[in-house]
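Q: For what it's worth, the numbering used here labels the leading residue of the sequence shown as 68, then goes sequentially.
Errors might be hidden in some of the hints.
Here are the computed distance ranges between Cβ atoms for each label pair [unchecked claim]:
(1) S137 <-> L79: 24 to 32 Å
(2) T123 <-> I73: 25 to 33 Å
(3) I73 <-> S137: 49 to 57 Å
(4) T123 <-> Q98: 17 to 25 Å
(5) R121 <-> A76: 31 to 39 Å
(6) L133 <-> K74: 51 to 59 Å
(7) T123 <-> R101: 23 to 31 Å
(8) K75 <-> Q98: 25 to 33 Å
(9) L70 <-> P135: 40 to 48 Å
(10) S137 <-> L81: 17 to 25 Å
Honestly, the hints are just simulated from the structure, not real lab data.
Glycine residues also receive a C-beta, built at the ideal position from the N, C-alpha and C atoms.
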Amino acid sequence: MTLAYIKKAYYLRLDICSRVFRSLNLLEELQTNRTKDFDGTLIGRSVITNYGKRRTFKIMSVRRDLTPLS
68 MTLAYIKKAY
78 YLRLDICSRV
88 FRSLNLLEEL
98 QTNRTKDFDG
108 TLIGRSVITN
118 YGKRRTFKIM
128 SVRRDLTPLS
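Required output: the full structure, derived from the provided sequences and hints.
A: Set out below in structure tokens:
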């Protein structure tokens, strides 16, 4: 966030971009770390999809009792 004075007026400039940097994908992280403490660290983090349009999602909860087919 930046406040700038340009041509006798103040302007507020907001940078709303967010970036996701990880060396492993989420599936690899979930398979290697099966503790409940790890699940708690994922809540609130952002992930980016790699299929179709690249979209970001925020993790709200982790449900290990469900599968993509359920």
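Q: With reference to the structure, classify each hint as holding or not holding.
A: Hints and how they fare:
1. S137 <-> L79: 24 to 32 Å: violated, 46 Å
2. T123 <-> I73: 25 to 33 Å: holds, 31 Å
3. I73 <-> S137: 49 to 57 Å: Holds, at about 55 Å.
4. T123 <-> Q98: 17 to 25 Å: Distance hint for T123, Q98 holds at roughly 22 Å.
5. R121 <-> A76: 31 to 39 Å: holds, 36 Å
6. L133 <-> K74: 51 to 59 Å: For K74 against L133, whose Cβ atoms are near 56 Å apart, the range 51 to 59 Å holds.
7. T123 <-> R101: 23 to 31 Å: For T123 and R101 the Cβ distance comes to about 25 Å; the hint holds.
8. K75 <-> Q98: 25 to 33 Å: violated, 59 Å
9. L70 <-> P135: 40 to 48 Å: holds, 47 Å
10. S137 <-> L81: 17 to 25 Å: violated, 40 Å
Hints 1, 8 and 10, counting from the list given before, are not met by this structure.
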